[in-house]
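Hey, can you work out the whole structure from these sequences and the hints?
Just so it is clear: in the sequence shown, position 274 is 311 by the numbering used here, and no numbers are missing.
Calculated directly from the structure, the hints in this document are not laboratory data. Don't take each hint at face value.
[Stated by the list, open to error] Listed next, with one range per pair, are the computed distances between beta-carbon atoms: (1) D110 to R283: 31 to 37 Å; (2) A112 to D260: 38 to 44 Å; (3) E259 to Y314: 31 to 37 Å; (4) S119 to D319: 35 to 41 Å; (5) P140 to P284: 31 to 37 Å; (6) R185 to Y205: 43 to 49 Å; (7) R190 to A232: 26 to 32 Å; (8) Q233 to L317: 18 to 24 Å; (9) Q171 to Y205: 33 to 39 Å; (10) D99 to D312: 23 to 29 Å; (11) R76 to L317: 18 to 24 Å.
[What the hints assert, rightly or not] Straight line, CA to CA, 25 Å or less: simulated SDA-like cross-link-like pairs of lysine to any residue: (12) K320 to R185; (13) K320 to A175; (14) K235 to G274; (15) K235 to N48; (16) K320 to L306; (17) K81 to S275; (18) K235 to S115; (19) K235 to A273; (20) K235 to R161; (21) K81 to L214; (22) K81 to R161; (23) K81 to L306; (24) K320 to A174.
Keep in mind that this is a model prediction, so the values were computed, not measured. C-beta atoms are modelled at their ideal positions from N, C-alpha and C, and glycine is treated no differently.
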Amino acid sequence: MNDPIRESRVNGLRVAVAQVGAQVGRTQANLALANRYLRRAADKRADLIVFPECFLQGYSLDPDDLASAEATDGATLSALRSLATRHGVAVVVGFIEINPADPSRPFNSAAVIQDDGQLIGVYRKTHLFGAERQVFAAGDSYPVFHIRMGSNRRVIAVGVAICADIEYPEVTRLLALRGAELIAVPSADMEPYRAQQKANMMSRAIENNLYVALANTIDRREDLDLFGGSGIAGPAGSLAWAGYGRPRLVVAQLSDVEIHRSGGFGSYLRTRRPDTYSALLDKS
Numbered sequence: 038m039n040d041p042i043r044e045s046r047v048n049g050l051r052v053a054v055a056q057v058g059a060q061v062g063r064t065q066a067n068l069a070l071a072n073r074y075l076r077r078a079a080d081k082r083a084d085l086i087v088f089p090e091c092f093l094q095g096y097s098l099d100p101d102d103l104a105s106a107e108a109t110d111g112a113t114l115s116a117l118r119s120l121a122t123r124h125g126v127a128v129v130v131g132f133i134e135i136n137p138a139d140p141s142r143p144f145n146s147a148a149v150i151q152d153d154g155q156l157i158g159v160y161r162k163t164h165l166f167g168a169e170r171q172v173f174a175a176g177d178s179y180p181v182f183h184i185r186m187g188s189n190r191r192v193i194a195v196g197v198a199i200c201a202d203i204e205y206p207e208v209t210r211l212l213a214l215r216g217a218e219l220i221a222v223p224s225a226d227m228e229p230y231r232a233q234q235k236a237n238m239m240s241r242a243i244e245n246n247l248y249v250a251l252a253n254t255i256d257r258r259e260d261l262d263l264f265g266g267s268g269i270a271g272p273a274g275s276l277a278w279a280g281y282g283r284p285r286l287v288v289a290q291l292s293d294v295e296i297h298r299s300g301g302f303g304s305y306l307r308t309r310r311p312d313t314y315s316a317l318l319d320k321s
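This is the structure we're talking about:
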């Protein structure tokens, strides 16, 4: 746990999380909201902004709302790519993605967009929560996206998890093993899971010696209270936090000092004992 401090690729990177409530089915209104928060993020010199789960169409499990699923070359995502270019900020954003194999069961996805508007790739949520299992198709892979950003155009390795994915330590650990230096988490977490969300966000950062940036929806409905609690958790226990129940943009500057205090990049990866973990593969 005493690795010498070294310059990392994330040192000095400025990351934002947008704690906002999208309007279900109103993509143009959500694009206008994205434009507003991208402008604010750019004013605060953010290099990357994370928006919530299913943000482009709004989080809903209603079949009529899921019918608004779009392909990656659809009009809404294309418009957001243009906004990323306009403001010069990279974006990770949740959206409902068409599933060509079964149009009735779209993917709960996140798009990764570089600050020049290039679509770097898409992650599909693997750990669906509750009734999501009846309406979404689950993803089955954990890509790491290499995004060029910042004033010196560094290539940063970014892993993505969506909401409930962050509750499974294996997801973030696998992304860390594949070289992720930052985990972006679009989320639509609801009551009564405030304590779990905050603990999971911080634990995943600490146990992998990296930063976790989680953007959670805020929206109070008759049967659903999406509470916010967004934040950027550091590997030594820091937390830039948005609080609950109100829209907010939070920006944090990532620091080698924090990473060094946690033991250094990959500290836990180097000292773990995979030869003793065979029971993890037991499906019983």
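Quickly compare the C-alpha distance for K320 and A174 to 25 Å and report which way the hint goes.
-> Judged against 25 Å, a Cα distance of about 21 Å means the pair holds.
So does S119 sit 35 to 41 Å from D319, Cβ to Cβ?
-> 48 Å, violated
Between Q171 and Y205, does the C-beta distance stay in 33 to 39 Å?
-> The hint (33 to 39 Å, Cβ to Cβ) is violated, given that Q171 and Y205 are roughly 20 Å apart.
Keeping to a limit of 25 Å between CA atoms, is the pair of K235 and A273 held or broken?
-> 15 Å, holds
Is 38 to 44 Å a correct range for the gap between the Cβ atoms of A112 and D260?
-> 31 Å, violated
Hinted pair K235 and N48, Cα distance within 25 Å | Given pair K235, N48 holds - Cα atoms ~24 Å apart, limit 25 Å.
Taken at face value, is the distance from the CA of R161 to the CA of K81 at most 25 Å?
-> 30 Å, violated
Straight-line alpha-carbon gap K320 to A175, limit 25 Å | OK: K320 and A175 at ~18 Å, within 25 Å.
Please test the hint of 43 to 49 Å on the beta carbon pair from R185 and Y205.
-> 29 Å, violated
Keeping to a limit of 25 Å between CA atoms, is the pair of K81 and S275 held or broken?
-> 20 Å, holds
R76 and L317, beta-carbon distance inside 18 to 24 Å?
-> 45 Å, violated
Is the hinted pair K320 and L306 satisfied, with a Cα-Cα distance of at most 25 Å?
-> Distance of about 24 Å is within 25 Å: holds.
The earlier numbered hints that this structure contradicts are 2, 3, 4, 6, 7, 9, 10, 11, 12, 18, 21, 22, 23.
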